[in-house]
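Top to bottom, those sequences are chains A and B. Residue 1 is where the first sequence starts when you use the numbering used here, and the numbers rise one by one after that. Residue 1 is where the second sequence starts when you use the numbering used here, and the numbers rise one by one after that.
These aren't lab readings, by the way, just hints derived from the structure by calculation. Among the hints, a few may not be true.
To be verified - Computed spacing ranges between beta-carbons, pair by pair:
1) A:49 with B:92: 20 to 26 Å
2) A:28 with B:17: 28 to 34 Å
3) A:109 with B:79: 35 to 41 Å
4) B:47 with A:51: 35 to 41 Å
5) B:12 with A:109: 20 to 26 Å
Said to hold, decoys possible - Footprint (simulated), chain B over chain A, 3 or more residues, beta carbon under 8 Å:
6) 79-93
7) 115-123
Claimed, not checked - Some, not all, of what chain A presents toward chain B, calculated at C-beta under 10 Å:
8) 31
9) 37
10) 43
11) 45
12) 55
13) 65
14) 101
For clarity, every value in this text was computed on a predicted model and none was experimentally measured. Positions of the beta carbon are idealized from the N, C-alpha and C atoms, including for glycine.
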Amino acid sequence: MNKENPLSPHIQIYSWNISSLISISHRIVGVLNIQILILVCLWIALLSLGEANYEYIKLFLQSFFGKFLIVCIIWSFIFQILSEIRHLFWDFGYGFELITSKISGLFVIFGSLVLTALTYLFGKGIF
Amino acid sequence: MINATKKWIFLKASSIILVPLMAWFVINLVSIYDKDYVDIVNFFSTQPSKFLTSLLMIVAFFYSSLSISEIFEDYIHDEKIKNFANKTLNIFAIIIPLFVIVIIFNLTPIYFAKSDMRSYSKPAETPLF
């Protein structure tokens, strides 16, 4: 008797739509967020090395690439938050209708972009 | 209760806790990331920041290990490799947050005397929320 669990089929065989796009993005962003969390841990750990050593990190974070990295991190976290809220609604039995699922999927994509911009502007004290 | 159900409940409970913690962290990250060393140390030295950052690390790594083990379940066929991958994942999910929590709780706020001419921005030392 074959005791092996069935594996998920390769993603190429599915036809693409909003739900599948959000589903695979949720997983990819989830894995990326773990790498980001490890980077955040490293950033906090570097604080213990003292001010002189931190200058290099500060210079990088103040550069264009540093700011770009921070914006990507914000988007990645916000995408995960919105997508997770969508999953939680599903867990409570809401939002399974095809049209609702498409609207919530679009909300995750565009909402994450808008909230990233708003969070950056709010965090920087622009408004 | 079977293990898969327990795992699902832990996953959902941790995601409910994680959503507000991530929102708190993201907003504060934007306000401090390019600040001076002193401002960042002072931010992480406040009691709310210490508590919330530690909680974020514990819950985030717990949630991550549960969700990555799901990916392992879906895509790794070999039982031995899957078990090894899960064990390694769990070890890292314990060690990394523990390491960061020790560092955060060892950070002490940096104060300057009035005579010190260095610029020091007060708002960054306290969390926005």
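### Query
Are 3 or more residues of the stretch 79-93 of chain A near chain B, judged by a Cβ distance of less than 8 Å?
holds (count 7)
### Task
Report holds or violated for the interface hint on residue 101 (chain A), using the least CB-CB distance to chain B and a cut-off of 10 Å.
This hint is violated: residue 101 (chain A) lies away from chain B, its Cβ roughly 19 Å from the closest one there, beyond 10 Å.
### Query
Taking the least C-beta to C-beta distance, is residue 37 (chain A) closer than 10 Å to chain B?
6 Å, holds
### Satisfaction of the hinted span 35 to 41 Å by the C-beta atoms belonging to residue 109 (chain A) and residue 79 (chain B)
37 Å, holds
### Query
Is 20 to 26 Å right for how far apart the beta carbons of residue 12 (chain B) and residue 109 (chain A) are?
The hinted range 20 to 26 Å holds for residue 12 (chain B) and residue 109 (chain A), with Cβ atoms some 23 Å apart.
### Task
Let me know if the C-beta of residue 55 (chain A) comes in closer than 10 Å to any C-beta of chain B, holds or violated.
8 Å, holds
### Query
Does residue 65 (chain A) meet its interface restraint, that is, does its C-beta lie within less than 10 Å of any C-beta in chain B?
12 Å, violated
### Message
Please check whether residue 45 (chain A) passes as an interface residue: C-beta within 10 Å of a C-beta belonging to chain B.
### Response
Holds, about 6 Å.
### Task
Against chain B, run the beta carbon of residue 43 (chain A) and see if the smallest gap drops under 10 Å.
9 Å, holds
### Query
Is the hinted range of 35 to 41 Å satisfied by the C-beta distance from residue 47 (chain B) to residue 51 (chain A)?
23 Å, violated
### Message
Looking only at beta-carbon atoms, does the pair residue 28 (chain A), residue 17 (chain B) fall within the given range of 28 to 34 Å?
### Response
Once the Cβ atoms are compared, 23 Å apart, the range 28 to 34 Å for residue 17 (chain B) and residue 28 (chain A) is violated.
### Query
Should the interface hint for residue 31 (chain A) be scored as holding, given a Cβ-Cβ cut-off of 10 Å against chain B?
7 Å, holds
Violated hints, listed in ascending order, are 2, 4, 13, 14; each of the other numbered hints is respected by the structure.
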